[in-house]
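There are 2 protein chains.
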Amino acid sequence: MTEQKQLRLGAFMRPVSLHTGAWRYPGAYPDANFNFKHIKSFAQKLEAAKFDAFFMADHLAVLNMPVEALKRSHTVTSFEPFTLLSALAAVTEKIGLVATASTTFDQPYHIARRFASLDHISEGRAGWNIVTTSNPDAALNFGLDEHVEHDERYHRAREFYDVVTGLWDSFADDAFIRDVESGIFFDPEKMHVLAHKGESLSVRGPLNIARTPQGWPVIVQAGQSEPGRQLAAETAEVVFAAPRDLEGAKSLYADIKGRMQAIGRNRDHLKILPAAFVIVGDTVEDARAKRAKLDSLVHYDSALASLSISLGHDASGFDPDGPLPEIPETNASKSSREQVIRLAEKENLTVRQLAQRLGGYGGLAFVGTPQTIADEMEQWLFEEGSDGFNVVFPFLPQGLDDVTDRLVPELQRRGLFRRDYEGTTLRDHLGLPRPENRFFAQVAQAAQ
Amino acid sequence: MTEQKQLRLGAFMRPVSLHTGAWRYPGAYPDANFNFKHIKSFAQKLEAAKFDAFFMADHLAVLNMPVEALKRSHTVTSFEPFTLLSALAAVTEKIGLVATASTTFDQPYHIARRFASLDHISEGRAGWNIVTTSNPDAALNFGLDEHVEHDERYHRAREFYDVVTGLWDSFADDAFIRDVESGIFFDPEKMHVLAHKGESLSVRGPLNIARTPQGWPVIVQAGQSEPGRQLAAETAEVVFAAPRDLEGAKSLYADIKGRMQAIGRNRDHLKILPAAFVIVGDTVEDARAKRAKLDSLVHYDSALASLSISLGHDASGFDPDGPLPEIPETNASKSSREQVIRLAEKENLTVRQLAQRLGGYGGLAFVGTPQTIADEMEQWLFEEGSDGFNVVFPFLPQGLDDVTDRLVPELQRRGLFRRDYEGTTLRDHLGLPRPENRFFAQVAQAAQ
Numbered sequence: 000m001t002e003q004k005q006l007r008l009g010a011f012m013r014p015v016s017l018h019t020g021a022w023r024y025p026g027a028y029p030d031a032n033f034n035f036k037h038i039k040s041f042a043q044k045l046e047a048a049k050f051d052a053f054f055m056a057d058h059l060a061v062l063n064m065p066v067e068a069l070k071r072s073h074t075v076t077s078f079e080p081f082t083l084l085s086a087l088a089a090v091t092e093k094i095g096l097v098a099t100a101s102t103t104f105d106q107p108y109h110i111a112r113r114f115a116s117l118d119h120i121s122e123g124r125a126g127w128n129i130v131t132t133s134n135p136d137a138a139l140n141f142g143l144d145e146h147v148e149h150d151e152r153y154h155r156a157r158e159f160y161d162v163v164t165g166l167w168d169s170f171a172d173d174a175f176i177r178d179v180e181s182g183i184f185f186d187p188e189k190m191h192v193l194a195h196k197g198e199s200l201s202v203r204g205p206l207n208i209a210r211t212p213q214g215w216p217v218i219v220q221a222g223q224s225e226p227g228r229q230l231a232a233e234t235a236e237v238v239f240a241a242p243r244d245l246e247g248a249k250s251l252y253a254d255i256k257g258r259m260q261a262i263g264r265n266r267d268h269l270k271i272l273p274a275a276f277v278i279v280g281d282t283v284e285d286a287r288a289k290r291a292k293l294d295s296l297v298h299y300d301s302a303l304a305s306l307s308i309s310l311g312h313d314a315s316g317f318d319p320d321g322p323l324p325e326i327p328e329t330n331a332s333k334s335s336r337e338q339v340i341r342l343a344e345k346e347n348l349t350v351r352q353l354a355q356r357l358g359g360y361g362g363l364a365f366v367g368t369p370q371t372i373a374d375e376m377e378q379w380l381f382e383e384g385s386d387g388f389n390v391v392f393p394f395l396p397q398g399l400d401d402v403t404d405r406l407v408p409e410l411q412r413r414g415l416f417r418r419d420y421e422g423t424t425l426r427d428h429l430g431l432p433r434p435e436n437r438f439f440a441q442v443a444q445a446a447q
Numbered sequence: 000m001t002e003q004k005q006l007r008l009g010a011f012m013r014p015v016s017l018h019t020g021a022w023r024y025p026g027a028y029p030d031a032n033f034n035f036k037h038i039k040s041f042a043q044k045l046e047a048a049k050f051d052a053f054f055m056a057d058h059l060a061v062l063n064m065p066v067e068a069l070k071r072s073h074t075v076t077s078f079e080p081f082t083l084l085s086a087l088a089a090v091t092e093k094i095g096l097v098a099t100a101s102t103t104f105d106q107p108y109h110i111a112r113r114f115a116s117l118d119h120i121s122e123g124r125a126g127w128n129i130v131t132t133s134n135p136d137a138a139l140n141f142g143l144d145e146h147v148e149h150d151e152r153y154h155r156a157r158e159f160y161d162v163v164t165g166l167w168d169s170f171a172d173d174a175f176i177r178d179v180e181s182g183i184f185f186d187p188e189k190m191h192v193l194a195h196k197g198e199s200l201s202v203r204g205p206l207n208i209a210r211t212p213q214g215w216p217v218i219v220q221a222g223q224s225e226p227g228r229q230l231a232a233e234t235a236e237v238v239f240a241a242p243r244d245l246e247g248a249k250s251l252y253a254d255i256k257g258r259m260q261a262i263g264r265n266r267d268h269l270k271i272l273p274a275a276f277v278i279v280g281d282t283v284e285d286a287r288a289k290r291a292k293l294d295s296l297v298h299y300d301s302a303l304a305s306l307s308i309s310l311g312h313d314a315s316g317f318d319p320d321g322p323l324p325e326i327p328e329t330n331a332s333k334s335s336r337e338q339v340i341r342l343a344e345k346e347n348l349t350v351r352q353l354a355q356r357l358g359g360y361g362g363l364a365f366v367g368t369p370q371t372i373a374d375e376m377e378q379w380l381f382e383e384g385s386d387g388f389n390v391v392f393p394f395l396p397q398g399l400d401d402v403t404d405r406l407v408p409e410l411q412r413r414g415l416f417r418r419d420y421e422g423t424t425l426r427d428h429l430g431l432p433r434p435e436n437r438f439f440a441q442v443a444q445a446a447q
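Chains as they are written, first to last, in numbering that gives the first Met the number 0: chain A, 0 to 447; chain B, 0 to 447.
Hints in this document: simulated from the structure, not taken from any laboratory.
All of these numbers come straight from a predicted model, not from anything done at the bench.
Here are the simulated EDC-like pairs of lysine to aspartate or glutamate, each with C-alpha atoms no more than 20 angstroms apart in a straight line:
1. B:Lys345 <-> B:Asp285
2. B:Lys249 <-> B:Glu375
3. A:Lys4 <-> A:Asp419
4. B:Lys36 <-> A:Glu92
5. A:Lys345 <-> A:Glu246
6. B:Lys196 <-> A:Glu145
7. B:Lys196 <-> A:Asp136
8. B:Lys189 <-> B:Glu435
9. A:Lys39 <-> B:Glu92
10. A:Lys345 <-> A:Glu325
11. A:Lys36 <-> B:Glu92
12. B:Lys36 <-> B:Asp400
13. A:Lys39 <-> B:Glu122
14. B:Lys93 <-> B:Glu122
15. A:Lys292 <-> B:Asp178
16. B:Lys44 <-> B:Asp30
17. A:Lys36 <-> B:Glu122
18. A:Lys196 <-> B:Asp144
19. B:Lys256 <-> B:Glu383
20. A:Lys189 <-> B:Asp30
21. B:Lys39 <-> A:Glu92
Here chain A is said to cover these stretches of chain B; the calculated rule only asks that three of the stretch's residues, wherever they fall, bring their Cβ under 8 angstroms from a Cβ of chain A:
22. 185-191
23. 199-209
Ideal placement from N, C-alpha and C gives every residue a C-beta, glycine not left out.
Using the sequences plus the hints, can you model the full thing?
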């Protein structure tokens, strides 16, 4: 008898929600971007529901958008991830804490140090979502007039990863003797000076932090683009790319796991957890009604911009309450345009509803009852569409409560999700091995 | 009747202590560098004693020292300040949280964001200890082969401060309307784009964080050197420079407050809180015995290096158990050498004891009973040697308990220190005004 496959569940968080209309939903916390008490309550509920991780999305700029959209957006400001997740580390005990940090606009010594420190503070619960930051507005906040090109960013990201992980291995696990009698605090033979000099980076080391409980914090990536998939296959331990449907997901899953095998990595050492927007209702109709209500809170001015971008065609002249008209071929990505047209047909959406859907949250979504959503998640798991999900909550706190109080028990009943944490670290939750120190032979860990 | 002057007390912390022998002291926590539970207990004790702030010292490198000293040092590794203080913010309610961050090796957008985020998380308790990082080992960890020169560092620091404080003023205090009915989240007229282009830095802004509870986190500096004093007079709100004695302190105090008046700043808007090593005993003899015991735990190999540097003369040939011999004139700072010679004479120290004193903690110290130390602190306060102190604990936790359980009650009995917090923010504790937003007229604050 083989052990049943288990879903891994992360929470992909913005304080108010990733959905742009969420702050207006009845019962929402519009001030959550800077109200730590709210975020703390979310993290503690997720921990009570045995989620693997709390995952904080991030931007390095107030995003550039037309002022009519900007003034309606709750997503332009929020807590900074290192400070927020460190604060959450002190008020939680088991849940993993994944922070987004950019390789393009920060220094590897700082990044290595902050994640290592968070891993110590949280006793082994830190994860690093490596991003290369494609937003050109961010470059202007870091002294660069032009955005750094895609290839250059990925090249630097790979080197940055090597440096950070090398710094995490600055000390052997047993370097710190702390022998009061002899006065020897640590064994200098067990300290490694990295002395990295590469194309983009020059970093001497060693890191001034002992090796952490997890050895290395867990490495997380989006992994959607071609270089992103390769980087993920080589280095990532969690991937959260969000294909639109199960077919796309299976193809991405097979591709990334295949790339891993091609370079000799164990395919179980990376978990593919797509971002999935989840709305739970008493009935499927009820869930859809919640979504329609939520989408209706996206202002049409903001929504139109999203629709026009997806179509590659100015949609401002369309009748908002009519069906999507025929549009000519454009320069926009053909697949993006066709997807939008299919969505409008399938759900019989007006131009306004279509625009609000895209302007709200346009990605992969599970909308239904605890049973129908569990059916879908089960299918994704068993058909190798994913190893679990990073759940995006439509609105908070109710949308989160619906997941932890209704969906999670259904998943537990089916044996698809844990009833209690099996271990104490994020690696334990995800079933990931503790990395060997590349400079020192591993020491037997009493607690491992 | 005038209100009695009050001491302000910060705790100048390293997890094990700044004293290099402290980890070997009976009852110490040698593992505190990476044991959050210990640090949390220290912060909570300091808060119970109504300390103004918990102040985390920092380094950006494993300090370069001879291996015989290095392997005995507990100060080469520890938590990173942003992560540590954010975690402490979640488990304390009133005490201020001051983190050290370098203007030479970080980006103003990151620094502005992390401190603003910490100020929101802590509801107004953040402070920024601005350092320019003189340690050449740090440069090698940030891609620089040569250390950045002193003048260049200070020039950049001044510009960096302007950018960070400008970013903190990106939004008016009342910019975030969050009007659910109209769907307007914030007023774009109340957002300021900094668009800074200076000699060292180019930063567009705005910061993606709302203006914080304190307006700006409190600005802290060492302020000892000539450019450091001027920078402090222009920008600092707390200075922790540690003169050796009251005469030196009065001169520094008068100098910095005079510089403030010369540029039109209110002299009460900067608190001078020298770092002071405090050892409390049942009698003065008992306190001195504790210090002698602590100093004796500094290994002679480590201690000798400190003595040789202070003398500008290789001390390794001296008889450790004899008195300090006559030494010829050297290249070392004359005042440093003379101070060391005076110290040896005054306390009748052997070469070993002298070396261990300098290798342990060589700065300003108050060693005595609660009464004698309170007498000294009172004198410093009333004679304008300082506005209070940043207390350095000789060993932890006992050295801290001695201060909170014995010295603080004596100060309270004399009316020199608060029995409870008067307000909720670090600015409240220190009696500092909330800065006006330089781009928007201040809004009346209900809570101010």
